[in-house]
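Visitor: Listed here are the chains, written in short residue letters.
Protein chains: 4
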Amino acid sequence: MAPEREPLGALQQDAARHRDEWGIEFSRIVAFSDGVFAIAITLLVLTIEIPENSHDLTRVLDNQIGDFFAYALSFAVLGKLWLAHHRFFSALARFDPILMGINLVYLAFVALVPFTSELLGDYSNQSIAVIFYAASMFAVSITFTIQIVYSYRADLVKPEMRDLERRMAGPSNLIVAGLFLASIPVAAIAPSVAPFMWIGVFLTGRRVADRVAALRA
Amino acid sequence: MAPEREPLGALQQDAARHRDEWGIEFSRIVAFSDGVFAIAITLLVLTIEIPENSHDLTRVLDNQIGDFFAYALSFAVLGKLWLAHHRFFSALARFDPILMGINLVYLAFVALVPFTSELLGDYSNQSIAVIFYAASMFAVSITFTIQIVYSYRADLVKPEMRDLERRMAGPSNLIVAGLFLASIPVAAIAPSVAPFMWIGVFLTGRRVADRVAALRA
Amino acid sequence: MAPEREPLGALQQDAARHRDEWGIEFSRIVAFSDGVFAIAITLLVLTIEIPENSHDLTRVLDNQIGDFFAYALSFAVLGKLWLAHHRFFSALARFDPILMGINLVYLAFVALVPFTSELLGDYSNQSIAVIFYAASMFAVSITFTIQIVYSYRADLVKPEMRDLERRMAGPSNLIVAGLFLASIPVAAIAPSVAPFMWIGVFLTGRRVADRVAALRA
Amino acid sequence: MAPEREPLGALQQDAARHRDEWGIEFSRIVAFSDGVFAIAITLLVLTIEIPENSHDLTRVLDNQIGDFFAYALSFAVLGKLWLAHHRFFSALARFDPILMGINLVYLAFVALVPFTSELLGDYSNQSIAVIFYAASMFAVSITFTIQIVYSYRADLVKPEMRDLERRMAGPSNLIVAGLFLASIPVAAIAPSVAPFMWIGVFLTGRRVADRVAALRA
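Protein chains in written order, with the numbering used here: chain X, 1 to 217; chain H, 1 to 217; chain E, 1 to 217; chain Y, 1 to 217.
Some hints here could point you the wrong way.
The list makes no distinction among identical chains, and a pair is therefore deemed to hold if it is satisfied within one copy or across any two copies.
Simulated pairs of lysine to aspartate or glutamate, DMTMM-like, Cα-Cα distance not exceeding 20 Å [stated by the list, open to error]: (1) Lys-80 with Glu-25; (2) Lys-158 with Asp-56; (3) Lys-158 with Glu-25; (4) Lys-80 with Asp-96; (5) Lys-158 with Glu-49; (6) Lys-158 with Asp-62; (7) Lys-158 with Glu-52; (8) Lys-80 with Glu-52; (9) Lys-80 with Asp-155.
If you're looking for bench data, these hints aren't it; they were derived computationally from the structure.
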């Protein structure tokens, strides 16, 4: 499948591997990424605290409305990010070690969300918790953007998907990253306002991407 | 595989993708759903508390009979729901973004079960805990019903499976949803009675589905 | 693939599905089982407690030698059981709903191991903890034996594997189940002796299976 | 596929199975390993503690800089080790029971990392915590080296990959193992110095492997 037993072997190995040829390898990376997403999203449930020996459970659960909100928000954001990752990886024709490295950094921020989400649920009235949450989500979306940009530059995207994905993945994801970045200074001043900005994440989608594409054209 | 490089691209992308053509994509969604189920079902074990520095472990474990019951019940219910999800997804010919969205909401309720199960195990004598449990299970089964109904309307089900699944998945699942819904007012009055109603979930199956089909015919 | 659109459809659906025809379904069940095993085995790490604000960490870790022993033992036993499950499922030609049901009960006991393992690590000097551990491992191995026996009766095993597996999986697994069962009364009297019996689990293998086969022949 | 129904059956079963023939089996082992890695790497997030009812969250988070460092370090090391495992398993033509056994021991040490990582994050100033961390990482890398060496001896590696992998996997991994081993005595004397040695892990790669190969030639 490739010239072996010659000193230059390492080069070939690092060369971008074609997705079909190396189907098992590609699917392992994809499965690993999906696994981290599935685990992180399911660990979110551990962020909802259960009081011990409480006599008035109703009132206690009332006080944990912040935990439920953080659970729902983080599940929705991680779900949306996973769908985007899912769609983008299906557009890849190949992968290379650098993309795998960026993907690992990206996953490190994804796996951090149960922590920042618990912080948000417990301390939504303190700026630092809201800033942490926004920063971690910004880190997830910006490392995803880096993956997209790199994949185009390194020519890893399927030719027939290039135009479609460029219009979809790129701008839509940059808007998500921008929203979380913009919410950081807002959170520093008014921590209760920032979460409302994040709702915008779910409004970015095809329509916005289409409008951006129309403007470009 | 589809007309690219034209402004209408997004439309084609959203069009329901055929299962065989997009086998890798479909299996990723299925694997992600299975992953969330497997993690949630295995996290249930964390809901059984282990007392620290106990001198009379036997008596302590005795008091945790509620935790064991909640573990067994939740494992059985999640197991049954997973089998239903498993069977239904094998009847799908295609999927589309809306089905993926509903599936994510469904998974958000599945992933919540370790929380509601722990609540039930610790506070089975308080109405609110039992109501929470019943409500979360109702949410899981009703979002599954919505997936089934939508899949039929959007014509995503394999033609040869339509009749079979309509008779199986639909009614059987609605009965499960109905049982959990009906147990909510019961739990409000008599929290210790509601769990007995849930046993009915395991009695719904082929026989009930066949009887419903017979009545229809 | 099967007669559809006729009232008897449900029968065909329940009929044992051939592994190759229903490859995706089979692999989902296998993947789900593997997932529960992988999660349970990795959750074992949470059973090793980390003391907070300890000034003399060395002495504290010394006291947790029981936790390390329980981790190593449970990892080894679950690993061995997974290998056996792995090998047995590769010998199946088909599966049916009853086997799936038994498999779920089996997995419920597998997923319980992180709990019984933590109990053992923390209370290895109390009979009840050792009995719980032995009982949970007995439950895992006996439900596996039931899976094996049922698969043979329901003719789900590949013809070319029947003899091989009968000699391997059956007796070897029964010995494991027997060892854990026999250790329960021992644990009731001398909790510190029972764990030594469990080491026998790792001595059962090909040699024992061959001797049993030789005796039979 | 193999002579059955004869007393020697067990022998054939244990004989190294060809990867393509036993594709499903091989991929299950690979998926199981990936699962343990994905779960362990995602459980790392649970090592970052969240203070309860803190009025000055900023200061509290400041004190947890050690937790964040341990998270980043462990994620990076596990990520790098997974990539190496991933690449090496793609070079295997076959597997056998012994390799599966070594792989399980290897995974037991991988799954232990969330514990040693939490220890490091909480007690980075105590030698014993740093030694534990270095020892667990040494155990992971040395059991991986044993897998590599065994696979070559048992002729399980694809012929066309032998030279390439021998130059890559072997030396690079031995250097990683050596670095962690060497850091143990350092940690005993100066616990704050050892972590700096670990950064060297990320500098070993192609370049070092190429230099080693050049020296050999």
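Visitor: State for each hint whether it applies.
Guide: Results for each hint:
1. Lys-80 with Glu-25: between (25 Å within a copy, 16 Å between copies)
2. Lys-158 with Asp-56: neither (58 Å within a copy, 50 Å between copies)
3. Lys-158 with Glu-25: both (17 Å within a copy, 15 Å between copies)
4. Lys-80 with Asp-96: between (25 Å within a copy, 15 Å between copies)
5. Lys-158 with Glu-49: neither (45 Å within a copy, 43 Å between copies)
6. Lys-158 with Asp-62: For Lys-158 and Asp-62, the Cα distance exceeds 20 Å both inside one copy (50 Å) and across copies (45 Å).
7. Lys-158 with Glu-52: neither (54 Å within a copy, 49 Å between copies)
8. Lys-80 with Glu-52: neither (34 Å within a copy, 30 Å between copies)
9. Lys-80 with Asp-155: neither (25 Å within a copy, 24 Å between copies)
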